[in-house]
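**Student:** Listed below are the residues making up each chain.
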Amino acid sequence: MEQRTNKELMTLRQEHVPPGPYNVTPIFIERAKGAIIEDVEGKEYIDFAGGIGAENVGHCAEQVVSILKEQMEQYIHTCFHVVMYEPYVELARRMNGITPGNSPKKTFFVNSGAEAVENGVKIARYARQRGLPSLPFRTPFMGAPIWP
Amino acid sequence: MTLTSQIKPYKWGFGPFCPEVYRMPFAYCYRCPFGLEYPACQIYCVDYLEEFFIGTVAADAVAALIAEPVQGEGGFIVPPQGYFKKIKATCEKYGILFIMDEIQSGMGRTGKLFACEHFDIIPDIILSGKSLAAGLPLAGVTGRAEIMEMPHVGGLGGTFGGNPIACRAGLAVLDLLTGEMLEKAVQLGEKIRARLLNLQEQYEIIGDVRGLGPMVGMELVRDRQSKEPAADETKELVKRCHEKGLIVLSCGVYHNVIRTLMPLVITDAQLERGFSILEESLSEL
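Chains as they are written, first to last, in our numbering: chain A, 1 to 148; chain B, 1 to 285.
Hints are computed from structural coordinates only; laboratory data are not their basis.
All residues carry an ideal CB built from backbone N, CA and C; glycine is no exception.
It is possible that part of the hints are untrue.
What the hints assert, rightly or not - Below, a sample of chain A positions facing chain B; criterion: calculated Cβ distance under 7 Å:
hint: 1; residue: Gln3
hint: 2; residue: Pro18
hint: 3; residue: Pro21
hint: 4; residue: Asn23
hint: 5; residue: Thr25
hint: 6; residue: Phe28
hint: 7; residue: Ile29
hint: 8; residue: Gly50
hint: 9; residue: Tyr85
hint: 10; residue: Lys106
hint: 11; residue: Phe109
hint: 12; residue: Asn111
hint: 13; residue: Ile123
hint: 14; residue: Arg128
Claimed, not checked - Derived pair list, reagent style EDC-like, types lysine to aspartate or glutamate, alpha-carbon separation capped at 20 Å:
hint: 15; chain 1: B; residue 1: Lys244; chain 2: B; residue 2: Glu190
hint: 16; chain 1: A; residue 1: Lys7; chain 2: B; residue 2: Glu204
hint: 17; chain 1: A; residue 1: Lys106; chain 2: A; residue 2: Glu90
hint: 18; chain 1: A; residue 1: Lys122; chain 2: B; residue 2: Glu204
hint: 19; chain 1: B; residue 1: Lys184; chain 2: A; residue 2: Glu90
hint: 20; chain 1: A; residue 1: Lys122; chain 2: B; residue 2: Glu20
hint: 21; chain 1: B; residue 1: Lys235; chain 2: B; residue 2: Asp268
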């Protein structure tokens, strides 16, 4: 792909992407490492946002990148419901171990926080057989789908 | 979106939403919804739950109570010690499941793996996400086995949920979030707090500095007495920061809180560079 400036890419964005998905800055990234983001024009930024708190271990942490490369060569997707894979069950085991509480726990995975909230509510409703309300506290954002 | 309380921009024009979702005022002590002061209030906002169950919805009909241990989009609000213990006790009294949304506050963000550890409570269900897979889309639902095993086979799941690439990233993240990184996170939190409190002494616009570990919020107000939210100023501050080379986000129901979500691996020099840009931008407001 040819190298374009932030301004050129912004024009492209405005032409082809609706305004609904908002943007906090007008810049496009070239690469990131640790707490530094470099834009397509070579300008460096200190990152206090971490992609909304999703980069606690740092952008492109070496251990993460090398494992991902290895995994990409092996298999990318089968769907857990079709053919299972070890990383899913192993991560579930680890999550059950590190979350607070000593009673036996179980974990399953979804694609986003919004889905996690929805599923938490679904399980609670099922478990309590109280089909009606859930009672969340005033929290301004719990995901974009209608339910959560 | 039904659960979301911030009408604009998230819900505006997108309705109707699911019925029978109820909201309680949060322990937002800087702007107490009941006009009280901690600790004299004795955490009245939880007692209010009992009144809620009489006049608004019967406790027997409530399946779950969801809360973030530190409110994220809501404005990085940290409830006082004792708040969640009292809530958990109320939930247990009525057989209501207590769900902690640790999507933003978890995975080391507050200096512990999960923020609810600061409050010494054990939720029935914990939701994780965001930093769980270092930027790959992955979220987890973890709960007591007897609850999690209840929904029937086929009742939960989806095509991409727990994708192998994302799960491998999650395993790598857990290997990284060990004692050493969490210790660094605690120190980072102290540095952020000290720097922002110092800025608060110099800049009248900073009404409140609060947080847990490196999850810190700075609330901007036009007047420290009236606490009128400085939303336009916050927007301008964010803009000036990125023009000078710092990417920073705001949050809060009044859009007037600057929040820190930097990677925990940030170096001291990078942190200082970020804060000097923040200070320079503050001085221009």
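**Student:** Going by Cβ atoms only, is A:Pro18 closer than 7 Å to chain B?
**Tutor:** At 14 Å from the nearest chain B Cβ, A:Pro18 fails the 7 Å test, so the hint is violated.
**Student:** The hint names A:Phe109 as touching chain B; please verify it with the least Cβ-Cβ distance against 7 Å.
**Tutor:** holds (3 Å)
**Student:** Is A:Lys122 within 20 Å of B:Glu20, Cα to Cα?
**Tutor:** holds (14 Å)
**Student:** For the restraint on A:Gln3, tell me whether the closest CB of chain B is nearer than 7 Å.
**Tutor:** violated (21 Å)
**Student:** Measuring from the C-beta of A:Ile123 to each C-beta in chain B, is the shortest one below 7 Å?
**Tutor:** Holds, because the Cβ-Cβ distance from A:Ile123 to chain B comes to roughly 6 Å (cut-off 7 Å).
**Student:** Just to be careful: measuring from the Cβ of A:Pro21 to every Cβ in chain B, is the smallest value less than 7 Å?
**Tutor:** violated (11 Å)
**Student:** Given the hinted pair A:Lys122 and B:Glu204, is their Cα-Cα distance within 20 Å?
**Tutor:** Given that 20 Å is the threshold and the Cα spacing comes to 46 Å, the pair is violated.
**Student:** Has the given pair, B:Lys235 with B:Asp268, been kept, meaning a C-alpha gap of at most 20 Å?
**Tutor:** Violated. B:Lys235 to B:Asp268 sits at ~26 Å, over the 20 Å cutoff.
**Student:** For the hint on A:Tyr85, just tell me whether its beta-carbon gets within less than 7 Å of chain B.
**Tutor:** holds (5 Å)
**Student:** Once the shortest beta carbon distance from A:Ile29 to chain B is found, is it less than 7 Å?
**Tutor:** Because about 10 Å separates A:Ile29 from the closest Cβ in chain B, which is outside the 7 Å limit, the hint is violated.
**Student:** So if I understand the rule, the pair passes when the alpha-carbon distance is 20 Å or less; does A:Lys106 with A:Glu90 pass?
**Tutor:** holds (12 Å)
**Student:** Would the hint linking B:Lys184 and A:Glu90 be met if the CA-CA limit is 20 Å?
**Tutor:** Roughly 27 Å between the alpha carbons, so the hint for B:Lys184 and A:Glu90 is violated.
Violated hints, in rising order: 1, 2, 3, 4, 6, 7, 15, 16, 18, 19 and 21; the structure is consistent with all others.
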